[in-house]
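Undergrad: Here are the chains, one letter per residue:
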Amino acid sequence: MGFIGFLSDFGLRDEWVAACKGIIYRIAPDSRIIDISHEIPAFNIRKGALVLALALPYCPIGVHMAVVDPGVGGFRRPLALKVGRGDILVGPDNGLFALAAERLGGIEIGVEIKNRRYMLDKVSPTFHGRDIFAPTAAHLSNGADIADVGPLLDPKLLAEVPWPKPIIERERIICQVIDIDRFGTLRLSINALKLKELGVSVGRPLWVGVSGHRHLMPFVETFEDVSAGEFLMTVDSSNWISIAQNLGNAAERLNASVGDEVVLKVPAS
Amino acid sequence: MGFIGFLSDFGLRDEWVAACKGIIYRIAPDSRIIDISHEIPAFNIRKGALVLALALPYCPIGVHMAVVDPGVGGFRRPLALKVGRGDILVGPDNGLFALAAERLGGIEIGVEIKNRRYMLDKVSPTFHGRDIFAPTAAHLSNGADIADVGPLLDPKLLAEVPWPKPIIERERIICQVIDIDRFGTLRLSINALKLKELGVSVGRPLWVGVSGHRHLMPFVETFEDVSAGEFLMTVDSSNWISIAQNLGNAAERLNASVGDEVVLKVPAS
Amino acid sequence: MGFIGFLSDFGLRDEWVAACKGIIYRIAPDSRIIDISHEIPAFNIRKGALVLALALPYCPIGVHMAVVDPGVGGFRRPLALKVGRGDILVGPDNGLFALAAERLGGIEIGVEIKNRRYMLDKVSPTFHGRDIFAPTAAHLSNGADIADVGPLLDPKLLAEVPWPKPIIERERIICQVIDIDRFGTLRLSINALKLKELGVSVGRPLWVGVSGHRHLMPFVETFEDVSAGEFLMTVDSSNWISIAQNLGNAAERLNASVGDEVVLKVPAS
Numbered sequence: 498m499g500f501i502g503f504l505s506d507f508g509l510r511d512e513w514v515a516a517c518k519g520i521i522y523r524i525a526p527d528s529r530i531i532d533i534s535h536e537i538p539a540f541n542i543r544k545g546a547l548v549l550a551l552a553l554p555y556c557p558i559g560v561h562m563a564v565v566d567p568g569v570g571g572f573r574r575p576l577a578l579k580v581g582r583g584d585i586l587v588g589p590d591n592g593l594f595a596l597a598a599e600r601l602g603g604i605e606i607g608v609e610i611k612n613r614r615y616m617l618d619k620v621s622p623t624f625h626g627r628d629i630f631a632p633t634a635a636h637l638s639n640g641a642d643i644a645d646v647g648p649l650l651d652p653k654l655l656a657e658v659p660w661p662k663p664i665i666e667r668e669r670i671i672c673q674v675i676d677i678d679r680f681g682t683l684r685l686s687i688n689a690l691k692l693k694e695l696g697v698s699v700g701r702p703l704w705v706g707v708s709g710h711r712h713l714m715p716f717v718e719t720f721e722d723v724s725a726g727e728f729l730m731t732v733d734s735s736n737w738i739s740i741a742q743n744l745g746n747a748a749e750r751l752n753a754s755v756g757d758e759v760v761l762k763v764p765a766s
Numbered sequence: 498m499g500f501i502g503f504l505s506d507f508g509l510r511d512e513w514v515a516a517c518k519g520i521i522y523r524i525a526p527d528s529r530i531i532d533i534s535h536e537i538p539a540f541n542i543r544k545g546a547l548v549l550a551l552a553l554p555y556c557p558i559g560v561h562m563a564v565v566d567p568g569v570g571g572f573r574r575p576l577a578l579k580v581g582r583g584d585i586l587v588g589p590d591n592g593l594f595a596l597a598a599e600r601l602g603g604i605e606i607g608v609e610i611k612n613r614r615y616m617l618d619k620v621s622p623t624f625h626g627r628d629i630f631a632p633t634a635a636h637l638s639n640g641a642d643i644a645d646v647g648p649l650l651d652p653k654l655l656a657e658v659p660w661p662k663p664i665i666e667r668e669r670i671i672c673q674v675i676d677i678d679r680f681g682t683l684r685l686s687i688n689a690l691k692l693k694e695l696g697v698s699v700g701r702p703l704w705v706g707v708s709g710h711r712h713l714m715p716f717v718e719t720f721e722d723v724s725a726g727e728f729l730m731t732v733d734s735s736n737w738i739s740i741a742q743n744l745g746n747a748a749e750r751l752n753a754s755v756g757d758e759v760v761l762k763v764p765a766s
Numbered sequence: 498m499g500f501i502g503f504l505s506d507f508g509l510r511d512e513w514v515a516a517c518k519g520i521i522y523r524i525a526p527d528s529r530i531i532d533i534s535h536e537i538p539a540f541n542i543r544k545g546a547l548v549l550a551l552a553l554p555y556c557p558i559g560v561h562m563a564v565v566d567p568g569v570g571g572f573r574r575p576l577a578l579k580v581g582r583g584d585i586l587v588g589p590d591n592g593l594f595a596l597a598a599e600r601l602g603g604i605e606i607g608v609e610i611k612n613r614r615y616m617l618d619k620v621s622p623t624f625h626g627r628d629i630f631a632p633t634a635a636h637l638s639n640g641a642d643i644a645d646v647g648p649l650l651d652p653k654l655l656a657e658v659p660w661p662k663p664i665i666e667r668e669r670i671i672c673q674v675i676d677i678d679r680f681g682t683l684r685l686s687i688n689a690l691k692l693k694e695l696g697v698s699v700g701r702p703l704w705v706g707v708s709g710h711r712h713l714m715p716f717v718e719t720f721e722d723v724s725a726g727e728f729l730m731t732v733d734s735s736n737w738i739s740i741a742q743n744l745g746n747a748a749e750r751l752n753a754s755v756g757d758e759v760v761l762k763v764p765a766s
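Protein chains in written order, with the working numbering: chain A, 498 to 766; chain B, 498 to 766; chain C, 498 to 766.
Okay, chain A solo, but in the shape it has when bound:
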């Protein structure tokens, strides 16, 4: 009985998620599907990559299928990747798996899915989720050998999604908003470790420049360390630096969007 994680940008109004699950259950009726998310914004590979990387380390080892695929029907390759922890990741070669693979121990084996025995008889050019990825994932979950799925690929040649790197200057850090969650919390392109190296520590306030305004925000452990309605910086549950508002929506109040530049500065002591 295997677990199959499933992430997509298919949404929940149309038939796609159910068609893929149906195929999985027809081939692997004893498998158990864990929906990671199907509400990834259409074609947003970065958000898909982030959610995979943050969810899969907490999921049972299994075969995980992800489809955020602006290039369906085109030239990007279909992939199956075996990672250090033992999971197999199945989906398009467009960078969707880079971050997750790293958090799951790195890629050990990568193959291009080519074996038609593991696909539906008729492969539509616009729905590889149903016709290629779902059946291949189900067969792998049933125990098919990844080496039988297609030819080996050099993991170094896989597509990448470039993530913004923080720029670290003498007095300030310039980073980006890489995600905004449903509570309006901004996730920044800098992790906790890096910030500590720079001498920023919990308990101290920082100047935060965002959307043309500057705010002094305390760097705290938890939302309730500030009063209701106040902004704060914190380390989120996945070790990234976040900006939030206690009992409020920081993104709305700060008028911030994904991709915006954020400038951090430690006040002179």
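These are calculated hints, taken from the structure and not from any lab test. Incorrect hints may have been included.
Since the list can't tell identical chains apart, any single copy or any two copies may satisfy a pair.
As the list claims (entries may be wrong) - Below, simulated DSS-like cross-link-like pairs (lysine-lysine); rule was C-alpha separation at most 25 Å, straight line:
#: 1; residue 1: 662; residue 2: 611
#: 2; residue 1: 653; residue 2: 619
#: 3; residue 1: 611; residue 2: 762
#: 4; residue 1: 762; residue 2: 691
#: 5; residue 1: 611; residue 2: 653
#: 6; residue 1: 762; residue 2: 693
#: 7; residue 1: 691; residue 2: 619
#: 8; residue 1: 693; residue 2: 619
#: 9; residue 1: 762; residue 2: 653
#: 10; residue 1: 662; residue 2: 762
#: 11; residue 1: 611; residue 2: 691
Given chain A's structure and the hints, the job is docking chains B and C onto it.
TA: Just chains B and C now, with coordinates in the frame of chain A:
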């Protein structure tokens, strides 16, 4: 261990989906529920019918329950339908199943659900999903005989949802937008076979009149056969004719809505 | 094989729901999760409490986890509550469970979750769902003794969410809109039994004052007892008094919101 497909317009914010699933699991604890969709727009029988017809052929044979039911508590009959492939469909008699039943081999047995032994003790007039359809579906999944659920119905007397038929003239085809998916792709009321009969073939452009404007669109196999941002016509993964925009949202760009008329014309060669 | 109900305000776009489910399946791989809802509006404890109370009585007896938790990381206690029917409820001490516990037979044992053996090794201050509630719920589902989870609490000292009580005067009832569902039906803070005590009976019309206007609405059994587009009052599937519009959206048409006052008056006969 049976599979139970479940589609509704209940949405995911309220208690209805969970109450129905709870009843199913209490009666048939070993069954496995596949959520087809619960985000069908409220009372939209056509969208529900379409999603069922497009998802169920890919799902394992099972008992499938669907509730999009503007007439709950009124005079429409509750149904159980056995189809050619072996599935049983459970829900209101309002046309929701016509298309799916056809794709699953046609109706072989139809009954009106009347046996109170398969319902909850108290049947609320406003929630037949929980009180009639879920328990009946669960008992059928457990092996109850469909003939025991209620009296036979003549399948010819079932309610229908009329679908718009294309008007085919000498030089042009007038059809309708019957669905818009989350990526903004328009599904038209004409299928690929019909278009081929009319001499339209992949590789040729067509004039497409929609929302008061006329566009020349190539009829191609896959989105990537046109440049980013260009419109295209294609055969979708379910064999319907679709209008899309590569890496864009065709419905927004064309200002099109479900029900709009679309005029297709092959340019003089 | 145990059932685990799961409700949250996490939404379905981010990684949280999947991370919690992953933890549950890692600890209790044979359990079956029933998603109650993850679309509870952010921090809306009342809506969460209502959905739990309306769904759980129809679900199999099990361990049910709920997280709507504006105070995460602060001083509210994490709870496990054993109720009369045999279920165990796991989540924050903020009133989320009061209504459900009552409908499931009342609280028999309440403990504060303190045993770190049932938590993840590292507990993030901002994600108790993943790090405390999910693993504790999974261990309880595996048969862990609730008494081993933490020290006993006096159920009388649990947090409460105050629900508005109707004001009953000689000639009128003043109540509130406590919920609006996806179909625009208003649920009022008065139940069917109370209304009957006041001599209101099905078949009679009532004056309903809402958003500054007064409407005469028939009190009927089902939506189809009035014509399309007409307002009605009815007893909903959970025995609360509701205002709806047949084949329409009452909340939109009446311009009503959760928290609005509604005045009911029986016309002089």
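Undergrad: 25 Å Cα cut-off: does residue 611 pair with residue 762 within a copy, between copies, both or neither?
TA: Neither: 51 Å inside a chain and 38 Å across chains, both beyond 25 Å.
Undergrad: State whether the alpha carbon distance between residue 693 and residue 619 is at most 25 Å within one copy, between copies, both, or neither.
TA: between (54 Å within a copy, 19 Å between copies)
Undergrad: Up to 25 Å between alpha-carbons, please classify residue 611 paired with residue 653: within, between, both or neither.
TA: within (19 Å within a copy, 46 Å between copies)
Undergrad: For the identical chains here, do residue 762 and residue 691 meet the 25 Å Cα criterion within one copy, between copies, both, or neither?
TA: For residue 762 and residue 691, only the intra-copy Cα distance (14 Å) is at most 25 Å; the inter-copy one is 61 Å.
Undergrad: How would you classify residue 691 and residue 619 at a CA-CA limit of 25 Å: within, between, both, or neither?
TA: between (50 Å within a copy, 20 Å between copies)
Undergrad: Given a CA cutoff of 25 Å, do residue 762 and residue 653 count as a within-copy pair, a between-copy pair, both, or neither?
TA: Classified as neither: same-chain Cα gap 36 Å, cross-chain 48 Å, threshold 25 Å.
Undergrad: Is it within, between, both, or neither for residue 653 and residue 619, if the alpha carbons may be no more than 25 Å apart?
TA: neither (31 Å within a copy, 33 Å between copies)
Undergrad: For residue 662 and residue 762, with the copy left unspecified, which applies at a CA distance of at most 25 Å: within, between, both, or neither?
TA: within (17 Å within a copy, 51 Å between copies)
Undergrad: Reference check for the pair residue 662 and residue 611, CA-CA at most 25 Å: within, between, both, or neither?
TA: Neither, since 35 Å and 40 Å both go past 25 Å.
Undergrad: With identical chains treated as interchangeable, where does the CA-CA distance between residue 762 and residue 693 reach 25 Å or less: within a copy, between copies, both, or neither?
TA: within (13 Å within a copy, 65 Å between copies)
Undergrad: Is it within a copy, between copies, both, or neither that the alpha carbon of residue 611 lies no farther than 25 Å from that of residue 691?
TA: neither (41 Å within a copy, 32 Å between copies)
Of the numbered hints stated above, those contradicted by the structure are hints 1, 2, 3, 9, 11, listed in ascending order.
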